[in-house]
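Full structure from sequences and hints, please.
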Amino acid sequence: MAATQNLSDSDQSSVSDQSVSSRSGNRSIRVAEKERRKNEAEDPFVLALKYFSDVEAGTPVVGNDELEKNLVQVEKVAYSQGLPPEAVSVMLEFAMSLRMGTSACVRVLKCLIPASVVPQEAVVRAVVWLSVGKMPISTQVLFIKWVLTVFDMIDAKDQLRAIYGFIFNFVTDENLCPFICHLLYLLTRKESVRVFRVRKLLELQSKLGRQPFLLHLLSLYKVFCPELVTLSIPSRMKSGFKNHISPWKSALIAVQKRNGLQGASSISLVFTNKDKTNPRKRKHCHLEFPPLIPALNKEAQSEQSSSRRVVPLVELHSFAQLLENMHRIELPAQMGSLLGSSLALQYLDCVQDESALLRLNFWLGYAFHEEFLFCGDGGPSQTSEEALQFLNKLLSAQHFLQEGFSSSEVFLYKFLNVWDGSLLRPQILGLLSNIPVVPSSQIRRLLFEPLMQLFFTSSLFFKCGLVECLNNMLLKWLTWHSIYALEDDLDISLNSHTSINMTLSGFKDSVMELIHFVGRLASVGLQLESCHCLLLSFVLDFYETVCDTFLKYGLPLIVMPPAGVFYPALFATDPVSVDRLAYIMHRYKVNLTSAKSQEKVTEAFHISRQTFREFNHYVVVMVNCLWNSRMFHPGMGVQLGEELLLKSNVPQYGSSFDIVHHPAFMSYAVNFHQKCWPGKKDMDLNSIKHSKPWSWYLEYLFTQGYDGLKHFVQSNISWQLKADDGQVDAQQR
Numbered sequence: 001m002a003a004t005q006n007l008s009d010s011d012q013s014s015v016s017d018q019s020v021s022s023r024s025g026n027r028s029i030r031v032a033e034k035e036r037r038k039n040e041a042e043d044p045f046v047l048a049l050k051y052f053s054d055v056e057a058g059t060p061v062v063g064n065d066e067l068e069k070n071l072v073q074v075e076k077v078a079y080s081q082g083l084p085p086e087a088v089s090v091m092l093e094f095a096m097s098l099r100m101g102t103s104a105c106v107r108v109l110k111c112l113i114p115a116s117v118v119p120q121e122a123v124v125r126a127v128v129w130l131s132v133g134k135m136p137i138s139t140q141v142l143f144i145k146w147v148l149t150v151f152d153m154i155d156a157k158d159q160l161r162a163i164y165g166f167i168f169n170f171v172t173d174e175n176l177c178p179f180i181c182h183l184l185y186l187l188t189r190k191e192s193v194r195v196f197r198v199r200k201l202l203e204l205q206s207k208l209g210r211q212p213f214l215l216h217l218l219s220l221y222k223v224f225c226p227e228l229v230t231l232s233i234p235s236r237m238k239s240g241f242k243n244h245i246s247p248w249k250s251a252l253i254a255v256q257k258r259n260g261l262q263g264a265s266s267i268s269l270v271f272t273n274k275d276k277t278n279p280r281k282r283k284h285c286h287l288e289f290p291p292l293i294p295a296l297n298k299e300a301q302s303e304q305s306s307s308r309r310v311v312p313l314v315e316l317h318s319f320a321q322l323l324e325n326m327h328r329i330e331l332p333a334q335m336g337s338l339l340g341s342s343l344a345l346q347y348l349d350c351v352q353d354e355s356a357l358l359r360l361n362f363w364l365g366y367a368f369h370e371e372f373l374f375c376g377d378g379g380p381s382q383t384s385e386e387a388l389q390f391l392n393k394l395l396s397a398q399h400f401l402q403e404g405f406s407s408s409e410v411f412l413y414k415f416l417n418v419w420d421g422s423l424l425r426p427q428i429l430g431l432l433s434n435i436p437v438v439p440s441s442q443i444r445r446l447l448f449e450p451l452m453q454l455f456f457t458s459s460l461f462f463k464c465g466l467v468e469c470l471n472n473m474l475l476k477w478l479t480w481h482s483i484y485a486l487e488d489d490l491d492i493s494l495n496s497h498t499s500i501n502m503t504l505s506g507f508k509d510s511v512m513e514l515i516h517f518v519g520r521l522a523s524v525g526l527q528l529e530s531c532h533c534l535l536l537s538f539v540l541d542f543y544e545t546v547c548d549t550f551l552k553y554g555l556p557l558i559v560m561p562p563a564g565v566f567y568p569a570l571f572a573t574d575p576v577s578v579d580r581l582a583y584i585m586h587r588y589k590v591n592l593t594s595a596k597s598q599e600k601v602t603e604a605f606h607i608s609r610q611t612f613r614e615f616n617h618y619v620v621v622m623v624n625c626l627w628n629s630r631m632f633h634p635g636m637g638v639q640l641g642e643e644l645l646l647k648s649n650v651p652q653y654g655s656s657f658d659i660v661h662h663p664a665f666m667s668y669a670v671n672f673h674q675k676c677w678p679g680k681k682d683m684d685l686n687s688i689k690h691s692k693p694w695s696w697y698l699e700y701l702f703t704q705g706y707d708g709l710k711h712f713v714q715s716n717i718s719w720q721l722k723a724d725d726g727q728v729d730a731q732q733r
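The sequence shown begins at 1 in this note's numbering and counts up one residue at a time.
Please note that the accuracy of each hint is not assured.
[Said to hold, decoys possible] In silico DSBU-like cross-links for lysine-lysine, where the CA-CA straight-line distance does not exceed 30 Å:
#: 1; residue 1: Lys596; residue 2: Lys552
#: 2; residue 1: Lys257; residue 2: Lys393
#: 3; residue 1: Lys552; residue 2: Lys508
#: 4; residue 1: Lys145; residue 2: Lys50
#: 5; residue 1: Lys589; residue 2: Lys552
#: 6; residue 1: Lys190; residue 2: Lys157
#: 7; residue 1: Lys190; residue 2: Lys145
#: 8; residue 1: Lys190; residue 2: Lys207
#: 9; residue 1: Lys710; residue 2: Lys675
#: 10; residue 1: Lys257; residue 2: Lys69
#: 11; residue 1: Lys692; residue 2: Lys710
#: 12; residue 1: Lys589; residue 2: Lys692
#: 13; residue 1: Lys50; residue 2: Lys76
#: 14; residue 1: Lys145; residue 2: Lys157
#: 15; residue 1: Lys508; residue 2: Lys589
#: 16; residue 1: Lys50; residue 2: Lys69
#: 17; residue 1: Lys134; residue 2: Lys69
#: 18; residue 1: Lys207; residue 2: Lys145
#: 19; residue 1: Lys257; residue 2: Lys50
#: 20; residue 1: Lys710; residue 2: Lys689
#: 21; residue 1: Lys76; residue 2: Lys145
#: 22; residue 1: Lys157; residue 2: Lys200
#: 23; residue 1: Lys393; residue 2: Lys476
#: 24; residue 1: Lys69; residue 2: Lys110
#: 25; residue 1: Lys69; residue 2: Lys145
#: 26; residue 1: Lys414; residue 2: Lys476
#: 27; residue 1: Lys145; residue 2: Lys257
#: 28; residue 1: Lys76; residue 2: Lys257
#: 29; residue 1: Lys710; residue 2: Lys596
#: 30; residue 1: Lys134; residue 2: Lys50
#: 31; residue 1: Lys675; residue 2: Lys689
#: 32; residue 1: Lys134; residue 2: Lys200
Everything labelled a hint here was simulated from the structure, so no lab data went into it.
In structure tokens form, the structure reads like this:
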């Protein structure tokens, strides 16, 4: 019993101690809370918010020192650390209700810099205030600009979409129409598209003309409901929604940097003014892809029935989960985040959602337009790293999708006219290589003219990079043709995500224009760079693609290289170039032979007779030069006067470029001669041309890896031993 009593006393003591400790802790919390409330009550910012929340309508503005003091306090906090959500709600309600007139409203709107998110309810209430009719149109425009600026910082969009029809009514105002169309573009879903809205937009178009902002909104309507929009939308439109310079952008960037909110909104893609006297001179800021953030908040998602519940992409972690929820995917608040997620790219590739691609292209077009077309020379240390990461990730996404984005294409057409050829060169050339087929009527103006100026005024390495880029472009064009060619009408779809079609004839014209353009660049470029072996290597890469257009890619087109490419390769001082030329000519023969047999089968297939004549001429030149020692003879293409040849004092000048004496193979001939006749003091390379040494020499060359030369000899030359002198003679097959 004593033990039990002692235990009970111990327990009571412990409970008593815990009770005292709990009371002490609660008292500390109460004291801390009281202290916090006291501090808040004395905080000038809290007092300022209380003033704007309680101020009555009709309070005079002129001479109101209290208004000025409180407004300065709010501006100080807004520009230094941003306004918290509750402060945004209070100030927005004060401004839009016009309790103290228009001047105070404009000043408040200009300092509405959110620190984190913007409450959706506050934006909806502010939009409703627009219908009161007391606010000047310039102030209404300023408010809509603010909404567009902070759109991706609004915590949810469901209530805004619920008043879509109310917002749509403002399109009838000519001053508000461009900005309302932009806002509607961001809010539109399939259920938002109605016949009466399409009619209203078409009516406005007949009144205002084919304005880009109307066309872009109609294009989105047509994606969702093509049966309601019969208007033909141009395949290439200039930017429909202008990015007006607003007073919030630079302040938002500064606040985000201080608060560490990188990539929280589309404002991270906007840059500060480098020089306020020249708004066009700008510098890069945050070129980062935003994170995957759901477009709906958690409360809005929980209100949906389980059967209709959408699944944000951020909640998916595997391809299996993506397949299970493929038709319930909720796209993110900001479409740029798709490019940073492999699952999102797989969704784009599988579903081919044109509305998602339309929004994504708009986001990219905005980023390109602001960060590159209007950027000033901010210095590579400030700009190159972020831009490099941005473009590399974009290139990675395009490589994954195996196609480029239309916004990248439009950007490049403009950027090439102001590009210096060195800024982010690998990335720009990478984007350029992904451009889809350009109609032959436009390709010269859009691509060839700016590229030609860059090519002839840049270094050797730029020339090599550009030729490689154009080779990759041609490869993609030919690959698209081989995949998307339709056997019935010979039309090809240039892009799996668009409805752009081009006839086979038009496609052939574009490919031919590209090949001829590279031929002109290569011919002049090789002269300018003294037939540099590096540039020649990239040029031969291009013609390795060109020589197989028929057999590899099924395109009934064969284009021979120009003389400015053929002869520098034939007379090159390195054996690799000569060997590659031989391989290219061998593949040309295989393609032409196959094409000729096809011509006999179908009349629709036709290769120009001129192409056959050019090929035969080149083959005769190569055989006579490399094999028959008949260089500089009449009809050889490269002719020199007899007197000039005699003055050169070159013995047997006709054999100067055969396989034995050619500068590219001279070292092999000397090495072979030393191995065959090790005891000879006088070296006579002509002795290699006798029957047995000649066969051994050819076998020796072929074992060195010159398979192109081997294929050319086997397919174009038949040789036999002469009866009189034991030397070889060749005939073209």
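Do the hints match the structure? See the list:
Proposed proximity of Lys596 and Lys552 is supported: the alpha carbons are some 16 Å apart, at most 30 Å. Taken as a hint, the Lys257 and Lys393 pair is honoured in the structure, with Cα atoms around 22 Å apart against an allowance of 30 Å. A threshold of 30 Å between alpha carbons decides the hint, and for Lys552 with Lys508 the separation of about 15 Å falls inside it, so the pair holds. Proximity of Lys145 to Lys50 is assessed by CA-CA distance (about 27 Å); at most 30 Å being required, the pair is judged to hold.
Taking the CA atoms of Lys589 and Lys552, the gap is near 14 Å; set against the 30 Å cutoff, the hint holds. A threshold of 30 Å between alpha carbons decides the hint, and for Lys190 with Lys157 the separation of about 15 Å falls inside it, so the pair holds. For a cut-off of 30 Å, the pair hint linking Lys190 to Lys145 stands: about 25 Å separates their Cα positions. The suggested pairing of Lys190 with Lys207 holds, with an alpha-carbon distance near 26 Å, which does not exceed 30 Å.
For the suggested pair Lys710 and Lys675, the alpha carbons sit about 22 Å apart, so the restraint of at most 30 Å is met. With a C-alpha separation of about 27 Å, the suggested pair Lys257 and Lys69 falls inside the 30 Å cut-off, and the hint holds. Between Lys692 and Lys710 the alpha-carbon distance is near 17 Å, which keeps this suggested pair within the 30 Å criterion. Between the alpha carbons of Lys589 and Lys692 the distance comes to roughly 29 Å, so the proposed pair stays at or under 30 Å and holds.
At most 30 Å may separate the alpha-carbon atoms for a hinted pair to count; Lys50 and Lys76 meet this at roughly 16 Å. Distance restraint check for Lys145 and Lys157: the Cα-Cα separation of roughly 17 Å lies within the 30 Å cut-off, and the hinted pair is therefore satisfied. Distance check on the hinted pair: Lys508 and Lys589 sit about 20 Å apart at the alpha-carbon level, within 30 Å; holds. Proposed proximity of Lys50 and Lys69 is supported: the alpha carbons are some 13 Å apart, at most 30 Å.
Simply put, Lys134 and Lys69 have alpha-carbon atoms about 26 Å apart, close enough for the 30 Å limit, and the pair holds. Only pairs whose Cα atoms come within 30 Å are accepted, and Lys207 paired with Lys145 is accepted, the gap being roughly 24 Å. Note on Lys257 and Lys50: the hinted pairing holds, with a Cα-Cα distance of about 28 Å set against a maximum of 30 Å. Pair hint Lys710 plus Lys689 holds up; C-alpha atoms about 17 Å apart against a cutoff of 30 Å.
About 22 Å separates the Cα atoms of Lys76 and Lys145, which keeps this hinted pair within 30 Å; it holds. Under the criterion of a C-alpha separation no larger than 30 Å, the hint pairing Lys157 with Lys200 is consistent with the structure, at around 24 Å. Only pairs whose Cα atoms come within 30 Å are accepted, and Lys393 paired with Lys476 is accepted, the gap being roughly 20 Å. With a C-alpha separation of about 17 Å, the suggested pairing of Lys69 with Lys110 holds against the 30 Å cut-off.
Distance restraint check for Lys69 and Lys145: the Cα-Cα separation of roughly 27 Å lies within the 30 Å cut-off, and the hinted pair is therefore satisfied. Taken as a hint, the Lys414 and Lys476 pair is honoured in the structure, with Cα atoms around 22 Å apart against an allowance of 30 Å. A threshold of 30 Å between alpha carbons decides the hint, and for Lys145 with Lys257 the separation of about 22 Å falls inside it, so the pair holds. Distance hint between Lys76 and Lys257 is fulfilled; the C-alpha atoms sit about 17 Å from each other, no more than 30 Å.
Note on Lys710 and Lys596: the hinted pairing holds, with a Cα-Cα distance of about 24 Å set against a maximum of 30 Å. For the hint linking Lys134 to Lys50, the alpha-carbon distance of about 25 Å falls within 30 Å, and the restraint holds. Between Lys675 and Lys689, the direct Cα distance comes to roughly 15 Å. Compliance with the 30 Å bound is thereby established for this hinted pair. The straight-line distance between the Cα atoms of Lys134 and Lys200 is roughly 25 Å, inside the 30 Å bound, and the hint therefore holds.
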